[in-house]
Each structure stands twice: as C-alpha cells, then as structure tokens.
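In our numbering, each residue's number is its place in the sequence shown (first place is 1) plus 1.
Below, computed lysine-lysine pairings styled on DSS-like, alpha-carbon distance capped at 25 Å: (1) Lys336 to Lys326; (2) Lys351 to Lys75; (3) Lys276 to Lys336; (4) Lys84 to Lys6; (5) Lys252 to Lys340; (6) Lys340 to Lys326; (7) Lys276 to Lys252; (8) Lys326 to Lys351; (9) Lys237 to Lys178; (10) Lys124 to Lys6; (11) Lys336 to Lys252; (12) Lys326 to Lys6; (13) Lys6 to Lys351; (14) Lys82 to Lys124; (15) Lys105 to Lys124; (16) Lys252 to Lys237; (17) Lys82 to Lys105; (18) Lys75 to Lys124; (19) Lys180 to Lys237; (20) Lys75 to Lys6.
Derived by calculation from the structure, the hints in this document are not laboratory data.
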Amino acid sequence: MYNTKAYSAVSETSPLASTTIARRDPTEHDVQIEILFCGICHSDLHSVRNEWSNIMPTVYPIVPGHEIVGRVTKVGSAVTKYKPGDLAAVGCLVDSDGTCPQCKASLEQFCPNQTLTFNSPDKHLGGVTYGGYSDSIVVDERFVLRVPSNLDLAGAAPLLCAGITTYSPMRHWGVTKSKKVGVVGLGGLGHMGVKFARAFGAHVVVFTTSPDKTEDALRLGADEVVVSRNADEMQKHAGSFDFILDTVSVKHDINAYLNLLRLDGNITLVGAPEKPLDVSAFSLIMGRRSLSGSNIGGIAETQEMLDFCGEHNITADVEVIPIQKVNEAYERLLKSDVKYRFCIDMVSLKSA
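Construct the complete structure from the given sequences, taking the supplied hints into account.
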C-alpha cells in the first residue's frame, strides 16, 4: 500500500480539497498509472453532492473522476498488455465478476457485480474506490485501455465517458453512411454525438433550443441545425430519421422527437432526466418506433471507440484547468458554461 495526493469532498456541502489517499500495491494482474489528465463528468458533481442518494448514495470522503488518461509506471508479474511508459486510460469501471452472461458478452457495464471507478466497495482495501482526481491509480489489466498516440491527451480523457456513452448506442443501432441521425442537445454528450455521427458518414441534424449554437453545431460536423422550439422547422423533418440520440438531462417533450422517426426508427436516451418523461403510445405504435436507453459500453467496445477516435482524430472539445479550480468548474458546469468538457491537468496536483 502507498499514499498518493488527491482531491476529495468530505460531505455533500463541502468543497473538494487536497488530501492524501491510500492505493494498493499492484498485484500480479494490476497496472499502476500516473494520471496525467482527468475529465470532469456531470456525474462527478451529482456524486460529490449526493444528488443520486436514492440510487447510489455517496460514501464520504469521495474522490471522483472516471475519465482518466495517464502513463503506466508499474505492472504486475502476470500483466502482458502493458509495460511502463505506455499511455493508458481508465473509464467508469475497474472490475466486474467476469462470469455473468453480461460479462461473457463483453457487456461489463451491465454486470450486476461491477465495481465503479469511484464510490464502489473496494474489495482490496475496504471502504470505497477512489477515482481519478489523484496522482495515480491501480487497476486490473482487464479494465485498462490503450490510448492512440496521435490523440491530444486532454481531449482524449472525456472519451472514457462522454465518448463511449454516445458511440455505443450509435454502433448498436447501426448508424452508418446514408443514415439520417439527429442529436438532441449540444453539450458535453451532444458534441461528441455530432462528431461520431459525422465520422460514421451519417447525415447529421442537431436539435437545440438555442439559436446561437447553430454556428458551433455546424463547426462540429452537423449538416443541419433545427431550433426545436420552432414547430415549422420540426414538422419539416417528420418521419425522416433513422436514429436520434437524446442527450438532454431535464424533462422535455420526447413525443416531439418520436414523431420525427421513420418506420422502425429509434431514439436512445443517454441524458438522465430526474423526472419521468411522458410517452404517447401512438408516437410509438404508428411507425413501429422504439425508445431505448444506453449506458456507457463494455471494455472491448470502449477500446474499439478509442481506436476509431485515433483513426479519425476525434477528441472532445475541452477547457483544461488546474485542479485548484475544480470547485469553480462545478459551478460553471451547472450553468452549462463550458465548451464542452472540463479536463483537469493533473500536474497541478503536485502543487496542491
């Protein structure tokens, strides 16, 4: 066991502050990683402030962070895929049982016995797991990912959550060339959805409530932008979409988008509105349409996504900050005051 610097919160009302945490020494199957960059995900904020207490209550102190990019510093004797000096990444998961049907199908994100990167029971040290707002992390080789060397590392960090969250449903629902794809919302998730849909060769339409986001949506790769409050603009696209990715995390009219789907079209939710959405049965029945949800991706698919990003030079648009500004970043995140993800330069932790 060794100690490493980190940033943690000790209660739902306290700010994140510098601390020291314990990490396990690498076992034979472990990889030890010096963390270079860690993205800030909205779920970090929810967890720090215990806003999901009804489904996953926070155990304090909490060290958040599950968009981790770094460099391997040490490997266990049985590790074969990594060596010191390699670029490596860690996403939302650091373990699963490996035996359930979901794990055997490479769908570890649905394993009933998964271990999240932070705030999950730690079978090695007791207590809970600590995430990427720290100098280093030790992870089982099975849950470590390779980072293409051509990618900007700060921009690559959010791929470990925002990237795979948007890539996975597009792959599942067959987004390819000649498909018409909608992306609802242009935030941290939405901007990645636009980039992936464009790279898949689809015709991409962004839906936004903010007309001033039109220029940015086109820059990111959208072919068209629709202001969703404009009923006439929406009606022009009725019954024409193969797939729509809905990234909005507040209650909204889902039927307005269901009615844009063609026969057998699908809309997938990756945003997580706190309040239930009202779904009209007729919006589904009249076109054999489907409404589904998606949650990150398995380890193999996450590696596939990173390799795809390497081939197409896709990264998130990030604002890089020192860790000393993380509390300010949380407040700005609540106001959507970032284009489009914050990423912490972890070298700043050395002076914390």
